[in-house]
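Go ahead and model the full structure; you've got the sequences and the hints to work with.
Here are the chains, one letter per residue:
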Amino acid sequence: MVQKLETLIESASQTAGPYVHIGLMPSYTGNGQIYDHELGHSPIEDGAKGEIIEITGEVFDGTGWALRDALIESWQPDAAGNFPGNEGADPAVSGWCRFAADADSGEFTLRTVKPGKVALRGGGFSAPHISLWIVARGINIGLQTRIYFEDEDNSGDPLLSRIEQAPRVQTLIAKKVADGKYRYNIRLQGEGETVFLDI
Amino acid sequence: MTDLYAGMRADKGPLIPRNREIHPDPYDPGYKTSVARSPNLPLLAMESGQSEETGPTFGHSKFGQYDNNLILNWNRGAAPAVGERIMMHGRVVDENNRAVPNTLVEIWQANAGGRYRHKKDGYLAPLDPNFGGCGRTLTDENGYYQFLTIRPGAYPWPNRGNDWRPMHIHVSVFGHSFGQRLITQMYFEGDPLINLCPIAATVKDRASLDRLVAPLDMAHSRPLDFLAYKFDIVLRGRRQTMFENRIEGM
Ligand SMILES: [Fe+2]
Numbered sequence: 001m002v003q004k005l006e007t008l009i010e011s012a013s014q015t016a017g018p019y020v021h022i023g024l025m026p027s028y029t030g031n032g033q034i035y036d037h038e039l040g041h042s043p044i045e046d047g048a049k050g051e052i053i054e055i056t057g058e059v060f061d062g063t064g065w066a067l068r069d070a071l072i073e074s075w076q077p078d079a080a081g082n083f084p085g086n087e088g089a090d091p092a093v094s095g096w097c098r099f100a101a102d103a104d105s106g107e108f109t110l111r112t113v114k115p116g117k118v119a120l121r122g123g124g125f126s127a128p129h130i131s132l133w134i135v136a137r138g139i140n141i142g143l144q145t146r147i148y149f150e151d152e153d154n155s156g157d158p159l160l161s162r163i164e165q166a167p168r169v170q171t172l173i174a175k176k177v178a179d180g181k182y183r184y185n186i187r188l189q190g191e192g193e194t195v196f197l198d199i
Numbered sequence: 001m002t003d004l005y006a007g008m009r010a011d012k013g014p015l016i017p018r019n020r021e022i023h024p025d026p027y028d029p030g031y032k033t034s035v036a037r038s039p040n041l042p043l044l045a046m047e048s049g050q051s052e053e054t055g056p057t058f059g060h061s062k063f064g065q066y067d068n069n070l071i072l073n074w075n076r077g078a079a080p081a082v083g084e085r086i087m088m089h090g091r092v093v094d095e096n097n098r099a100v101p102n103t104l105v106e107i108w109q110a111n112a113g114g115r116y117r118h119k120k121d122g123y124l125a126p127l128d129p130n131f132g133g134c135g136r137t138l139t140d141e142n143g144y145y146q147f148l149t150i151r152p153g154a155y156p157w158p159n160r161g162n163d164w165r166p167m168h169i170h171v172s173v174f175g176h177s178f179g180q181r182l183i184t185q186m187y188f189e190g191d192p193l194i195n196l197c198p199i200a201a202t203v204k205d206r207a208s209l210d211r212l213v214a215p216l217d218m219a220h221s222r223p224l225d226f227l228a229y230k231f232d233i234v235l236r237g238r239r240q241t242m243f244e245n246r247i248e249g250m
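Protein chains in written order, with the working numbering: chain W, 1 to 199; chain B, 1 to 250.
By construction, these hints were calculated from the structure, which means they are not laboratory data. Predicted model only: the values in this text are computed from it and were never measured. Every residue gets a Cβ at the ideal spot worked out from N, C-alpha and C, and that includes glycine. A portion of the hints provided could be inaccurate.
To be verified - Cross-link-like lysine-lysine pairs, in silico, DSS-like; alpha carbons within 25 angstroms at most: (1) W:Lys181 to W:Lys114; (2) W:Lys117 to B:Lys12; (3) B:Lys230 to B:Lys204; (4) W:Lys181 to W:Lys117; (5) W:Lys117 to W:Lys49; (6) B:Lys204 to W:Lys4.
As the list claims (entries may be wrong) - Output of the computed footprint for chain B on chain W, the stretches with three or more beta carbons under 8 angstroms from beta carbons of chain B: (7) 4-10; (8) 29-37; (9) 56-67; (10) 120-128; (11) 151-157; (12) 185-193.
In structure tokens, the structure reads:
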């Protein structure tokens with residue numbers, strides 16, 4: 001026998017299921033009357049400093065079908081790379097947003113401010129990115145990934161440099177389609193599979 | 001160098017890496033929808049940074065008086081929902097057994113007949129005009145939370161020929177950092193459907209599944225009013241920082 005560790009074990013994840021919107025985005029299901037203030041409508045308020053951008057995309061399953069029931073949360077710093085709550089962070093950036101694939105088309109849209117590069121614990125920076133967390137029926141544990149931007153300098157980013165197969169880096173990079181507009185698709189499985197993170 | 005993590009909390013090191021063994025298998029043929037929605041390739045493991053170690057905070061001002069009372073919140077106290085009245089309560093702590101105060105806990109569930117208020121749910125059991133099916137609250141300074149609700153019914157779902165979900169409440173928790181984000185489900189002690197459920201069975205570690213089963217908690221039940229079920233939630237913790245700055249040359 002040995003001494004007993006005092007650490008606890010994390011609670012196991014379970015799928016968010018087909019009705020996740022009831023709980024997290026009631027107005028999406030027509031149940032908006034339940035709360036006065038629904039949370040996560042937007043990661044920014046009017047007056048947020050920096051470039052306002054719009055990212056659209058779809059979440060594809062292994063057969064190439066776009067999920068109609070995916071729910072995504074995003075988390076990011078302000079345009080200067082300061083996270084909300086840190087000293088000097090832009091008060092008009094809450095940094096957190098909840099958005100859903102459209103029930104008919106499967107397309108999602110995130111309107112936000114373009115994030116700045118983020119200081120690393122050991123010095124240096126990671127390239128500007130938005131963290132994502134994706135849940136849906138059939139996803140047993142939330143999938144973590146990131147959105148980077150093709151018009152930013154991604155060369156020194158420690159996470160992107162860890163990806164062995166160069167073409168897979170592209171799965172994390174939003175493509176600029178117009179001024180302030182980006183396209184970012186997520187592929188859960190198969191050809192062009194998005195790099196998901198354990199972080 | 002400025003301390004980026006100053007004042008955040010006692011444990012300021014990176015998040016403790018997830019032990020994926022205690023979590024469900026992402027790909028599980030018994031749960032058919034997971035087959036085409038699970039990655040084939042390994043996850044890219046990295047030490048957490050600010051993106052994962054920070055997270056949204058929520059002020060009390062956004063919350064209404066009925067938000068954690070699912071018996072009354074759908075119509076703001078006008079009439080109660082039908083069903084067995086229960087209190088779901090417990091603590092949110094991290095792997096270091098530290099309370100997670102002031103964190104958002106959200107729940108959603110079927111009504112007493114096993115029907116969700118959702119246009120995609122066409123189950124025979126009727127909607128309850130006095131039940132919406134979701135609630136939310138913030139944990140207190142000790143990580144404690146509580147909801148008043150009704151016990152949800154079991155319901156059938158299209159998977160294999162005759163699959164039923166055990167009674168369950170879906171639970172979403174934030175913690176203090178985006179890397180702690182978790183959605184899980186609470187099951188009820190003694191429900192024989194737990195052992196028949198392909199979604200519960202995605203968790204291969206039996207002890208880990210057992211920790212999702214809430215015991216009946218008579219000591220916290222209120223006589224002539226409601227039964228209590230206790231559901232504690234453990235989120236990822238963070239390492240302590242004493243040895244985080246490596247000594248030069250080591
Ligand atoms: Fe459910």
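Hints that the structure is at odds with (numbers, increasing): Hint 11 alone not satisfied by this model.
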